[in-house]
Amino acid sequence: MRNTARPPGDGAHRQALTGWGRTAPTRAFVAHPAETAELAIAMNDHGPRGVIPRGLGRSYGDAAQNAGGNVVCTDRLVGRCELDPVSGRAWVSAGISLGKVIDQVLPRGWFPAVVPGTQYVSIGGAIASDVHGKNHHRDGSFCGHVTAIELVTGLGTQLTLTSNGTESEAFWATAGGMGLTGVITAAQLQLRPVQTAHVRVETTRTNDLADSMDVLNEADATAQYTVAWVDLLRRGRGRGRGIVTAGAHALPEELGATSEAGLKVPPNRRLASVPSVPMRAGVLHPKAMALFNDVYFRRAPARPTTTFAPIWGYFFPLDVVGHWNRLYGRAGMLQYQFVIPDHATDQLIPMVDRLMADGIPIYLAVLKRLRDVPGPLGFPISGWTLAIDIPVAVTNLGPALDRLDAHVAECGGRIYLAKDSRMRADLVPVMYPRLDEWRAVRDRLDPEKVMQSDLDRRLSLVARSSGYKGLLNA
Amino acid sequence: MRDALGRIQSVLLIGGSSEIGLAIVRGLPRIDGASVCLAGPDRPEMEQIATALGTEGFGAVRVLDFDACAPTDPKGFVANAFATEHDVVIVATGYLGDQATASQDPDMALRLIDINFRGLVPALVEIGQRLKTQGHGTLVVMSTVAGERPRVANYTYGAAKAGLDAFTRGLAASIDHAGVQVLVVRPGFVRTRMTAHLAPVPFSTSPDKVAEAVTAALGGASKTIWVPGILRWVMRLLRALPESIFRRLPA
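Same order as they appear, the protein sequences are chains A and B. Per the numbering used here, the first sequence starts with residue 1, numbered consecutively. Per the numbering used here, the second sequence starts with residue 1, numbered consecutively.
Note that these hints are calculated values from the structure, not bench results. Careful: at least some of the hints might be erroneous.
Claimed, not checked - Only pairs whose alpha carbons sit at most 20 angstroms apart, straight line, appear in this in silico SDA-like list of lysine to any residue:
| no. | chain 1 | residue 1 | chain 2 | residue 2 |
| --- | --- | --- | --- | --- |
| 1 | B | Lys209 | B | Thr195 |
| 2 | B | Lys223 | A | Ala16 |
| 3 | A | Lys449 | A | Tyr120 |
| 4 | B | Lys75 | A | Gly117 |
| 5 | A | Lys100 | A | Ala16 |
| 6 | A | Lys449 | A | Val430 |
| 7 | A | Lys449 | B | Lys75 |
| 8 | A | Lys100 | A | Lys449 |
| 9 | A | Lys100 | A | Tyr120 |
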């Protein structure tokens, strides 16, 4: 029975799950409902460890894991993708990936209003993490362009939530709510009209971290899409030098194409896929990565240059390598993404310096400006965000990141829950001062606290008095 | 929940004043402010230990009464111990006793069996169910190489530990599909209070070495570990010896 999770108690068919970072696996009963009725069964079937939805498993940590409980995969909730070509609104099933949505809507002149750094996120996951993209400084996060959400709550109730209707509180608790308000089954997206499947990209090299920040700031003033890749393996004066790309959807005349040809979806290629590597610490090495970074930097034109890139390569550069997370070896990797508010801008460089002084190798670093979002558990605030990829098999990583957590919290900043796999529970209310507000709405939607996840238990997101429902008298 | 770095949030130690148990607790990778629950028969000593752990960066430290010799309401005890879930549960009660006495005194013999095996069984049954329900965590049970082949010097203790060892491995087979790791630890001679009156023997080790080995095995595929590791092979050899030769080996 593929569509039914087995209740805890029956030993068979527990499946080990991890996030994209491939750390801290736990086992759960996994269901793959294909329609709402099957979903209702999987929801009602829950034992004391409850239920959490799982999309494409791209959260880095344990957000879509539920040790001993049920995990509802949305990979078969893919039936709907209905575009109204006039308004640009589309109802999309929660299990469909953003890449698939693009395949459907781009030839008709539409594009998701916000896309993250990978096309392999489900619509449900994009909402539950309220993902942000290269146009965040201008357009805000993903949920700002979601007009309605269909949600099945822990009580099994089907709700349609709108961002400004009577259920707007529930909508905004679900946006960035890490799946803990219920299972999203579909959503209506307001798409963006585009004229081509390409992006005009202005590339600028920067000299160091401060320069990267300045150039990014300037680009934000005029460009729709901006992001800075920075080299944080390089020490000394060039620390944090990088490449700022500023993009805009290209016009047909810029490409010398007819409007029809301009919308032809370019091939969405996967050049390679990484096999499982047996080594604990993977095949990446700081020195090799430093060399790679150097080559990557030098490959970019020394003077600001304009080029045209197909949407896939521009928005989702890492997607060309399948399973790139395996490069980090059996021990896995983590992504540490934090944001600090504008008034603490001067703290960013000391934070990076401290990490480098602690000997933490930062293999990939991406810098971006953010602004506030409405959801009480939304990550973005007005300020600077830095996302850094780090192998887990690094000495002293725990204490170094703990110190950074404290520094970030002190500045009024926060850690992105969709990426977290290791922070301390007691910092969550400090970083997310509206946590109790979120909990109140969440508890109203799911008073029996059916929705549970490893992330939730590790960080005590859902308020529980002591022990967990059912555990004391299981 | 253990985090991406393998750090634990909470640990339960049964045998709350056991030197080996405490060495394991202190050696576990943990988040700042991880909580500890100590359970054992000697509350005053455990309370002192709790105070010390509080100054070593542990967060909440709870002390619970548990006497393997006279277990009362094991279900209630385990329910209480699991008011919050645990990432690691260590069972480290142990009483070597005096074999000369135990060889002649049925009460003493039974007492050794009770403390080292019988009294732990109800708690282990309950703990096994809890861990299976929570679907994650590691159960560490202190066995001994003395349980692998009986010797005149400590066969009652050895028999009790052999029972515990077998029971634990059976428990492992019944719950490890649920994402629970059960680790049987078979150290050789460990230099502790329990063995202070005995002359050290070859392959003897220390509580810290045991703790290191447990930490290394945490979250991995190991089911049984020997400390030091070479004992795995030494014991394999000793088990294979004919009884006539085995008995002639120096005690």
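Taking the hints in turn, this is what the structure says about them:
no., hint, in the structure
1, Lys209/B <-> Thr195/B, "holds (16 angstroms)"
2, Lys223/B <-> Ala16/A, "holds (18 angstroms)"
3, Lys449/A <-> Tyr120/A, "violated (29 angstroms)"
4, Lys75/B <-> Gly117/A, "violated (50 angstroms)"
5, Lys100/A <-> Ala16/A, "violated (27 angstroms)"
6, Lys449/A <-> Val430/A, "violated (23 angstroms)"
7, Lys449/A <-> Lys75/B, "violated (25 angstroms)"
8, Lys100/A <-> Lys449/A, "violated (33 angstroms)"
9, Lys100/A <-> Tyr120/A, "holds (9 angstroms)"
The structure fails hints 3, 4, 5, 6, 7 and 8 (numbered hints given earlier, in ascending order).
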